[in-house]
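K.L.:
Produce the entire structure from the sequences given, and follow the hints as far as they go.
Going from the sequence shown to the working numbering is simple: count from 1 and add 114.
No wet-lab data here; the hints were simulated from the structure. There is no bait here: all hints are sound.
Listed below are the simulated SDA-like cross-link pairs for lysine to any residue, each with C-alpha atoms no more than 20 Å apart in a straight line: (1) Lys415 to Val173; (2) Lys338 to Leu323; (3) Lys338 to Arg324; (4) Lys332 to Arg354; (5) Lys397 to Arg240; (6) Lys195 to Ala310; (7) Lys338 to Ser353; (8) Lys397 to Arg147; (9) Lys195 to Thr305; (10) Lys415 to Arg166; (11) Lys338 to Gln268; (12) Lys195 to Ser211; (13) Lys338 to Leu364; (14) Lys195 to Gly313; (15) Lys154 to Tyr143; (16) Lys338 to Glu359; (17) Lys154 to Phe293; (18) Lys338 to Gln272; (19) Lys154 to Leu395; (20) Lys332 to Leu364; (21) Lys154 to Pro402; (22) Lys338 to Thr270; (23) Lys154 to Arg135.
Simulated restraints on C-beta separations: (24) Arg404 to Pro334: 52 to 62 Å; (25) Asp396 to Arg324: 43 to 53 Å; (26) Ala155 to Phe293: 14 to 24 Å; (27) Arg240 to Val187: 32 to 42 Å.
Glycine included, C-beta positions come from ideal geometry on N, C-alpha and C.
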Amino acid sequence: MLCAYLVAAQPARAWGFFSHRLINRLAVYTLPREMIGFYKANIDYLTDNATRPDSRRTVVPGEAPRHFLDVDVYGDSAVYKLPRSYADAVALLGEDSLLRHGIVPWQVVRMKGQLTEAFRAHETDRILHLSADLGHYIADACVPLHATHNYNGQLTNQRGIHALWESRLPELLSSGYDFFTGPAPYLDRPTDVIWAAVGRSAAATDSVLRFERELTLKFPEDRKYGFEQRGNLTVRAYSRDFAREYHQRLNGQVERQMRLALRLVGAFWYTAWVDAGQPDLDKLPRSPSRREQERLALEAKQTAEPTTKAPVPGHEE
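P.N.:
Rendered as structure tokens:
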């Protein structure tokens, strides 16, 4: 039987497959009546394509930095001092540095503008694929370990913590979360909102790392990890006991961050629509075009079997 070591080998990707899909799906239900018909008709598209940006990370140049921001490499209070304009950030820090340490808040703002233009142009395909991708990046901004250079505990002998926080905990325990967040609000200052989300994530990194470190002292190796069946693989994973106690010490942090993510995803979709003049979405086609479906199929093939891999700056684990 094949055996894999899930904890050590899993790439550091925010929220994981399960959570990204859930966040995009639930965000649809925060939308107003004028939007929800169109978005519900395409809810499977938005769900299924929620993880597409992760699939592109190693094959599309420039994709990887869009998922994170290493706040701590820029010094104290960096989240408040970094330029909100990407052009200003490039002038101050240089694009090489930005791409090395992540650009997620600038990416979210850029894509919000693109989504607004897609609404104005009544382009169903662009509305859908921009909404799906934007939801992914917003959710990434809400993951504490996507706001630090020590993104997988690699600097503190805690490798695997990224998968523990983002994937193992939600997959085991999110069935008990309260995901009712109310209607999506309009964002008067969306740039400030996404930067505040990154700041909140950065502020949480200390507890994420510290609680795992303290708990590891309590659990011997054979109780911290176990083996589980995943399809045809037997995988090494954090034990359920360790995961549950870590979750308890975090005191609802994962649930709070998931709630924030889905609320912000809905809010950014809604804000883009309002800023576009609230176009009548009921007049748009209710499904992606054949051309869009062919594009997705081609992208899926290219990312599943890449002939060459693009350099991935930062967060390579």
